[in-house]
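Novice: Residue-level listing of the chains:
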Amino acid sequence: MLSISQELVDKIVAHARADHPDEACGVIAGRGGVPERFIPMENAERSPTFYRFDSMEQFRVWREMDDRDEEPVVIYHSHTATEAYPSRTDVSYASEPDAHYVLVSTRDENEVEFRSYRIVDGVITEEEVRFLP
Amino acid sequence: MAIEVRIPTILRNYTGGAKAVSAEGATLEELISNLESRHPGLKERLVDQGNLRRFVNVYLNDEDVRFLGGLGTPVSDGDTVTVLPAVAGG
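Sequence lines, in order, name chains A and B.
Numbering follows the working numbering, in which position 76 of the first sequence is assigned residue number 79; successive positions increment by one, without gaps.
Numbering follows the working numbering, in which position 31 of the second sequence is assigned residue number 67; successive positions increment by one, without gaps.
Hints were generated in silico from the structure; no laboratory data involved.
Incorrect hints may appear among the rest.
[As the list claims (entries may be wrong)] Short derived list, chain A residues pointing at chain B, Cβ under 10 Å: (1) H23; (2) E26; (3) F41; (4) A47; (5) D93.
[To be verified] To be clear about the criterion: a stretch of chain A counts as covered by chain B if any three or more of its residues have a C-beta under 8 Å from a C-beta of chain B, and this derived list gives those stretches: (6) 9-22; (7) 52-59; (8) 125-136.
Note that the Cβ used here is the ideal one computed from N, Cα and C, for glycine as well.
So here's chain A without its partners, still in its complex pose:
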């Protein structure tokens, strides 16, 4: 299960809306599995169907997390024309077995889908999301 504050959820959704129709992506860093620090990342692909963290930005952010004793608790990205479910590419590149993979769909202008998954060894497991005030 992912427990996440409504404030962080709102930030992820705002980022996804702002970058629509391109995919948005980023990280929530934290300790002990608790998502705390919102880090929007640049989508180096600037694409409506693909995302990739910029390699130098990823290096800086990962080192900063290391220095602060944090881990990437949440890795999020948006789907802009399809449901918030991991695609085949999402599964093949998933490389943080301890992260919650959050997907947001912005295909509907008014409603947002916000779902979370574990992706380990090519297997997708959806999990419950608890929104904290």
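Go by the hints and put chain B onto chain A.
Specialist: Chain B in isolation, oriented as in the chain A frame:
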């Protein structure tokens, strides 16, 4: 002295759980071969058909080796090599 190689979580099953290991070599390619002799299986996760895998980022100190010289990048004692799987998807 040797070169420190920082290993991401997903590849630590090759290093007995170690976050960082040391290796030797004059180029990144030699370093990876040396790593392979100490931690069999690692090379295949980094290199494919003579090139770095597209979705693996390798950094020499603070630089992405793609902007240096790829596998031919010279390395020397005291350097730190960091491996990070690219975060990507569709």
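Novice: Please list, smallest to largest, the hint numbers that this structure does not respect.
Specialist: Hints 1, 3, 6 and 8 are the ones this structure does not satisfy, whereas the remaining hints hold.
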